[in-house]
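Undergrad: One-letter residues, chain by chain:
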Amino acid sequence: MIKKYRFLIARRFTQISLMILYTIANVYGIKILMGNLNSSLVLETIPLSDPYAVSQMLFAGAVLSLDVIIGALIITLFYMIIGGRAFCSWVCPVNIITDFANYLRRKLGFNQIQKKQPASRNIRYWVIALSFIISFFMGVTAFELISPVSMVQRGIIFGLGFGWATIVIIFLFDLFVLKNGWCGHICPLGGFYSLIGRFSLIRVHHNAQKCTACMKCKEICPENQVLHMVTKTSMPVLSGECTNCGRCVEVCEDDALNFSIKNLKKEKENEVR
Amino acid sequence: MSIEQNQPISERRKFFLTIARATGLAILGGLTWSAYVDEVKATSLILRPPAALDEEDFLATCIKCGLCVEACPFDTLKLARPGDNKPLGTPFFEPRKIPCHMCVDIPCVPICPTDALNIRLVQNTNKELDINRAQMGVAVIDDNSCIAFWGIQCDACYRACPLLGKAITIEYSKNDRTGKHAFLKPIVHPDVCTGCGLCEKACVTEKAAIFVLPRKVALGKVGDYYVRGWDKQDEQRVQNATSETNKTQINKKSAIDSLNSGMEDLLK
Numbered sequence: 129m130i131k132k133y134r135f136l137i138a139r140r141f142t143q144i145s146l147m148i149l150y151t152i153a154n155v156y157g158i159k160i161l162m163g164n165l166n167s168s169l170v171l172e173t174i175p176l177s178d179p180y181a182v183s184q185m186l187f188a189g190a191v192l193s194l195d196v197i198i199g200a201l202i203i204t205l206f207y208m209i210i211g212g213r214a215f216c217s218w219v220c221p222v223n224i225i226t227d228f229a230n231y232l233r234r235k236l237g238f239n240q241i242q243k244k245q246p247a248s249r250n251i252r253y254w255v256i257a258l259s260f261i262i263s264f265f266m267g268v269t270a271f272e273l274i275s276p277v278s279m280v281q282r283g284i285i286f287g288l289g290f291g292w293a294t295i296v297i298i299f300l301f302d303l304f305v306l307k308n309g310w311c312g313h314i315c316p317l318g319g320f321y322s323l324i325g326r327f328s329l330i331r332v333h334h335n336a337q338k339c340t341a342c343m344k345c346k347e348i349c350p351e352n353q354v355l356h357m358v359t360k361t362s363m364p365v366l367s368g369e370c371t372n373c374g375r376c377v378e379v380c381e382d383d384a385l386n387f388s389i390k391n392l393k394k395e396k397e398n399e400v401r
Numbered sequence: 007m008s009i010e011q012n013q014p015i016s017e018r019r020k021f022f023l024t025i026a027r028a029t030g031l032a033i034l035g036g037l038t039w040s041a042y043v044d045e046v047k048a049t050s051l052i053l054r055p056p057a058a059l060d061e062e063d064f065l066a067t068c069i070k071c072g073l074c075v076e077a078c079p080f081d082t083l084k085l086a087r088p089g090d091n092k093p094l095g096t097p098f099f100e101p102r103k104i105p106c107h108m109c110v111d112i113p114c115v116p117i118c119p120t121d122a123l124n125i126r127l128v129q130n131t132n133k134e135l136d137i138n139r140a141q142m143g144v145a146v147i148d149d150n151s152c153i154a155f156w157g158i159q160c161d162a163c164y165r166a167c168p169l170l171g172k173a174i175t176i177e178y179s180k181n182d183r184t185g186k187h188a189f190l191k192p193i194v195h196p197d198v199c200t201g202c203g204l205c206e207k208a209c210v211t212e213k214a215a216i217f218v219l220p221r222k223v224a225l226g227k228v229g230d231y232y233v234r235g236w237d238k239q240d241e242q243r244v245q246n247a248t249s250e251t252n253k254t255q256i257n258k259k260s261a262i263d264s265l266n267s268g269m270e271d272l273l274k
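Chains as they are written, first to last, in the numbering used here: chain A, 129 to 401; chain B, 7 to 274.
Calculated from the structure, these hints are not laboratory results. These numbers come from a predicted model, not from an experiment. Certain hints may be false.
[Said to hold, decoys possible] In silico lysine-lysine, DSS-like type, Cα no more than 25 Å apart, as pairs:
{"no.": "1", "chain 1": "A", "residue 1": "159", "chain 2": "A", "residue 2": "344"}
{"no.": "2", "chain 1": "B", "residue 1": "103", "chain 2": "B", "residue 2": "92"}
{"no.": "3", "chain 1": "A", "residue 1": "244", "chain 2": "B", "residue 2": "92"}
{"no.": "4", "chain 1": "A", "residue 1": "243", "chain 2": "B", "residue 2": "186"}
{"no.": "5", "chain 1": "B", "residue 1": "213", "chain 2": "B", "residue 2": "227"}
{"no.": "6", "chain 1": "A", "residue 1": "132", "chain 2": "A", "residue 2": "338"}
[To be verified] Ranges of calculated distance between the beta carbons of each label pair, as one might list FRET restraints:
{"no.": "7", "chain 1": "A", "residue 1": "363", "chain 2": "B", "residue 2": "28", "range": "29 to 39 Å"}
{"no.": "8", "chain 1": "A", "residue 1": "290", "chain 2": "B", "residue 2": "80", "range": "51 to 61 Å"}
{"no.": "9", "chain 1": "B", "residue 1": "195", "chain 2": "A", "residue 2": "192", "range": "34 to 44 Å"}
{"no.": "10", "chain 1": "A", "residue 1": "290", "chain 2": "B", "residue 2": "151", "range": "25 to 35 Å"}
{"no.": "11", "chain 1": "A", "residue 1": "192", "chain 2": "B", "residue 2": "210", "range": "39 to 49 Å"}
{"no.": "12", "chain 1": "A", "residue 1": "201", "chain 2": "B", "residue 2": "222", "range": "34 to 44 Å"}
{"no.": "13", "chain 1": "A", "residue 1": "174", "chain 2": "B", "residue 2": "242", "range": "44 to 54 Å"}
{"no.": "14", "chain 1": "A", "residue 1": "357", "chain 2": "B", "residue 2": "34", "range": "34 to 44 Å"}
{"no.": "15", "chain 1": "A", "residue 1": "287", "chain 2": "B", "residue 2": "210", "range": "21 to 31 Å"}
Just so it is clear, CB atoms sit at the ideal spot from N, CA and C, and this is done for glycine as well.
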């Protein structure tokens, strides 16, 4: 039973414990992880910064300090080489809200009455472009002023204010308007990490020989376009839009999907041939 | 969709329509977004932590991480939340609630990862931290509601000021109403005042009669036309100024005509 939810439990654990670490740093002064997801300080020494926020600052005409450059580089390299788009499903607290909306959609059958999704998943890349243009002309970090992701995570750490309304908006939007609406279509931060995480090493690999075409993985995947190869070819999920959430691995009863490191797998395949 | 089924449109037309739709939506989104950003940016009545850059640069540079808020030992600094009607996630303080206590080690400034709080702005020439150089705002007195200006003895703000006797001084003058007493009027000196707001917190009136405003809001600017000629330092300001002389051509005749016109009745 637990095996069916192992990644989900691990993800909720990292998401919640990161928020707890940030919050105790603010409330009790236990300085393990200070700041928030925009920029943090680990053990009062290592800076971490959100590369998307930093690039908006660049467009807004800010003079970047060494600390944010180093911080943004660390984060960029981590997701670029190792994590892929793991930020979205392992760190971001909004994921908990949208996953819950998606769960209700499946359980209550909203997916049956609204099969076609009317919006393109490329909206997020347009939003990135727009945010840079607006940042440039208005001289502010444009997305950071409206970002529900920032509102939610900052709200958890520093006090919510009217941020609860943001949570409700995202929840209702994902439940009634668009399946995977926020995280899978609009959020430019997710789009940014999709672009960065394109070439990362940790990937879900599909084994078409074992697949029985039950389609459970496609049903549960929040970015199911990345699983286009399922039942057809044995290959890793190469799209950067995969959040490495591992839900497909969990629901697969035929062991046809598994996490693996990209290049190692390639070598193995070569050996078999 | 139905049009497509009835009479298929060409690939070329489809391509142009898609592009037009995407562009239109981008413009729609972009304008709405910009309008919101512009509204938020316009909030001028906000007090920033010490050593903050000019509001315009500050908004471009602040990454909204809240490290300054966490560093503040008095919980003075807050991050703007939805509903505060201030640029989201940026740090600010409200002196009447919790003023800045002007820590000598200024913990909120060096921790800033982006230098939106720029340590150079609170360093003296020897690179030592000096909180007295902070310019968070400036205290302003509404002398109509200040009871010291009524003649009641109160020096709460003067006593609360961390730069006592420099940022706020007491001016004595005769109270003609009683003929026996003196007014002890507080006077703020904007060139020394840091805008910490301890005076605003200390003020005894129901709504503070002395309060801190952002310097950009509360202070005027003389410009280059007026110079204190008796002040050697002030004269430096115009040393490199270029002079430009304008001469407007005035027709003397029309002036004289104007004086003499309308006199026909008198000349009769």
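Undergrad: Determine for every hint whether it applies to the structure shown.
TA: Against the structure, the hints come out as follows:
1. 159/A to 344/A: Judged against 25 Å, a Cα distance of about 43 Å means the pair is violated.
2. 103/B to 92/B: holds (17 Å)
3. 244/A to 92/B: Distance ~39 Å between residue 244/A and residue 92/B Cα, so the pair is violated.
4. 243/A to 186/B: Cα-Cα ~88 Å, so violated.
5. 213/B to 227/B: Answer violated: residue 213/B to residue 227/B is near 28 Å, above 25 Å.
6. 132/A to 338/A: holds (18 Å)
7. 363/A to 28/B: 29 to 39 Å: holds (31 Å)
8. 290/A to 80/B: 51 to 61 Å: violated (25 Å)
9. 195/B to 192/A: 34 to 44 Å: holds (37 Å)
10. 290/A to 151/B: 25 to 35 Å: Distance hint for residue 290/A, residue 151/B holds at roughly 32 Å.
11. 192/A to 210/B: 39 to 49 Å: holds (46 Å)
12. 201/A to 222/B: 34 to 44 Å: For residue 201/A and residue 222/B the Cβ distance comes to about 35 Å; the hint holds.
13. 174/A to 242/B: 44 to 54 Å: The hinted range 44 to 54 Å holds for residue 174/A and residue 242/B, with Cβ atoms some 46 Å apart.
14. 357/A to 34/B: 34 to 44 Å: With a Cβ separation near 36 Å, residue 357/A and residue 34/B satisfy 34 to 44 Å, so the hint holds.
15. 287/A to 210/B: 21 to 31 Å: Holds: the Cβ-Cβ distance is about 30 Å, inside 21 to 31 Å.
The structure fails to meet hints 1, 3, 4, 5 and 8 from the earlier list, while all remaining hints are met.
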